[in-house]
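From first to last, the protein sequence lines stand for chains C and L. According to the working numbering, the first sequence holds residues 23 to 244 in order. According to the working numbering, the second sequence holds residues 41 to 629 in order.
Warning: the hint list may mix true and false statements.
What the hints assert, rightly or not - DSS-like, lysine-lysine: derived pairs with alpha carbons at most 30 angstroms apart:
#1 68/C <-> 64/L
#2 140/C <-> 68/C
#3 68/C <-> 580/L
#4 558/L <-> 475/L
#5 561/L <-> 483/L
#6 68/C <-> 237/L
#7 206/C <-> 64/L
#8 483/L <-> 559/L
#9 475/L <-> 580/L
What the hints assert, rightly or not - Partial list, derived from the structure: chain C residues whose beta carbon lies under 7 angstroms from chain L:
#10 44
#11 62
#12 94
#13 138
#14 142
#15 173
Stated by the list, open to error - Stretch-level coverage of chain L by chain C, calculated; a stretch enters the list once three of its residues show a Cβ under 8 angstroms from a Cβ in chain C:
#16 233-244
#17 531-537
The set of hints was computed from the structure by calculation and includes no laboratory data. All C-beta atoms, glycine included, are put in the ideal place defined by N, C-alpha and C.
Given next are the chains, with one letter for each unit.
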Amino acid sequence: MTITLIFLACIMATVIFWLLRQTFNIQPWVSDEVADEVTGMSLDLKPQAIALTTFMAVATSLFALFASAYSLRMEMPDWRPLNEPMILWINSFFLVLASIAYQWSRAKVASTDIGSKKLVIGLGIAGVFSILFIFGQLSAWQELNSKGLYVSSNPAVAFFYVFTAMHGIHLLGGLYVWARSLAKIYQNQDLRIVRTSVELCTIYWHFMLLVWLLLFGLMIAT
Amino acid sequence: MSYVALVDRDHEQDHHDPDTFLTKYVWSQDHKVIAIQYGGLAILVGVVALVLSVLMRLQLGFPNEFALINPESYYQFVTMHGMIMVVYLLTALFLGGFGNYLIPLMCGSRDMVFPFLNMLSVWVYFLSVIILIASFFVPGGATGAGWTLYPPQSLSGGTPGTDMGIILMLVSLGVFIVAATMGGLNYVTTVLQYRCKGMTLMRLPLSVWGIFTATILALLAFPALLVSAIMMILDHSVGTSFFMPAMISEGQQLSYNDGSPILFQHLFWFFGHPEVYIVALPAFGLVSDVLATHARKNIFGYRMMVWAILAIGGLSFIVWAHHMYVSGMNPYFGFFFATTTLIIAVPTALKVYNWVLTLWQGNIHLRVPMLFAIGFIFTFIHGGLTGLFLGNVTIDLPLSDTYFVVAHFHMVMGVSPVLVVFASIYHWFPLMSGKMFNETLGKWHFWLTFLGAYAVYLPMHYLGFQGVPRRYFSLGTTDFLPESAHTLNASITISAIILALAQLLFFINIFISLRNGKKAKPNCWGATSLEWLTPDTPPKHGNWGHDLPEVHRWAYDYSVPGQSQDFTPQTVPASEVPVGRDHGVDHDT
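Full structure from sequences and hints, please.
Here you go:
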């Protein structure tokens, strides 16, 4: 559980430190005209950004717990390390490209009109590489399956299927929002809405890339 | 470009009132309706769990007298009672019910930030309840593995519900976690970003602090339950060996290899212990507000109360293994977890002192909500002190599998939060419904509940000391137990039946008060916090009419010397405080 504990200690320390900073040297029972003027926002961020950050904390908790379970289960005698399929390297490259494409789209949405072809192209590339990543992961499943490495064969194999499935489900959720972003562009919706959508998706894609690299790293290192 | 606060764009927003029955009461996105849906459903499923507990008690008090209760059904009742009470009643009611109702009102906003997500949350919760209840009716029935669902027992032959029952339980928990996450994202975002002008974090009532911190715990702890549920489903359905060890069951070698049941216990309690505080922290917050209002006194040590909530929240993640002393662990780990467990008692005790000091020299009005709130202080101290026994490894080992533990956790996280639930429902009922409840019925309800709870759980401590084991369907002939232990069990059962029946008074009270109750005056208790300051009672859609409120003070200006009223609402600026010498305001009682 060390991985989870370190992760949670960091998150809780950040949250508690931030909250405590809001409470130190404040005497709420004393009349305070400065406080009367506050806008009721704790952070200069859109609510959607707060919600996404919170969701990413939840997802990180989920993956950190899976990683902890992995490390604890490794200690049992029946553990046999898995030779990860080589296609995972290609898949990882696809996800890196998707992330870069999203970063590029984010820059474009900040500087161009909503109907900009460059924005649509950037989002299109991001989506295509993400879909390629998912198909690549399915192909890795197929490869293991053809070698007779089923989910019940060995705990390392089982964890491989679970990790990739959980990560894939999270990425599919992202692709749903990606499709909605494209729809908003085609519907010529307010630029601010599209910009928010693209900005948040970009952060999420970077996050999904980081999670994948950590999971992949954990699996190939053990 | 910096972001413009939502409250500053209030007049740009469309606040369409729901205009059909379906959008108003069924597919509603109004946080108040969602709160009542959440609360009503939680209480309904809680009643099912209450009936199950009575059935269990019938067997324990009068063994083998009732044909309906056999060993299989007994363990199913135990399991479903525990899981429903902890997750589907208390968690859902505090976060989904009170969280939904109070957060936007106390923060001075019109609704949650994401109303559609909020609506999805309650319906996904409804789905999880349906799946859970469905497990009673599938072949093999509901799981009887105990609410902790420990493998290998939960998946092995001989345990009830190993076919579909356990799967439905795990799927239901997964669906519940999705619902709780949807709600949690809303609560966190609303508290952080959707407060009205002047509402700093340190001007928030403690109810919001408690619910907010509990939500953060829920968001970070529930994934542990989800991880264990997913892995257990795979062990059950596709033959993985995450948790299931190599074993022989009913004479047959199973196909599992070297899975780790202890891994499941770590994951389960990594969720399970914060879960205690997911229930307790909202209760701490709500009871603080009820006590301050009815004692006409500012809460003692507000800042310390906030810090204690945060400290308890942080510490609750590093005590989980005190539930696993009997599983065997390195003595140094045991020492570590015993130490953290005892440390968490410090901020908890601070809160208790502060509640008592809030009452000290207060102008205490012993109305029904206050009775329940004071009752909570008793039961919580009682349950908390027995927790100190069990937090120590050497004392826990002999007591862990006895009724002492049953008594402890029921006092601290069963009776105590439920007393706060009742305190809060009675306290906010006039606001929610616009009607006053029947005070006499409410007092009968309190005394029967409070004394009934003691009649049930106090003797269990003695049974535990005598070594009466928990989880047993029947004690049979046991030489080491005196006859009085059996008599005491019968007495507990009779008390439990009376206690359960007493809850009918609550439902009768709510029912007749909704129909014929006296109309509640606005702010009938003379409270200071925003939820009581809406233009309409009960608040309408959008809560605040045309303009959002502006806050000029904290939520606890009660009996301030030199002011003519014994309360000053949060919206009153310093320049408009009525000055005088007397507090002689008689509020609706």
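Original post:
So which of the earlier hints does this model not fit?
Top reply: 13, 14 and 17
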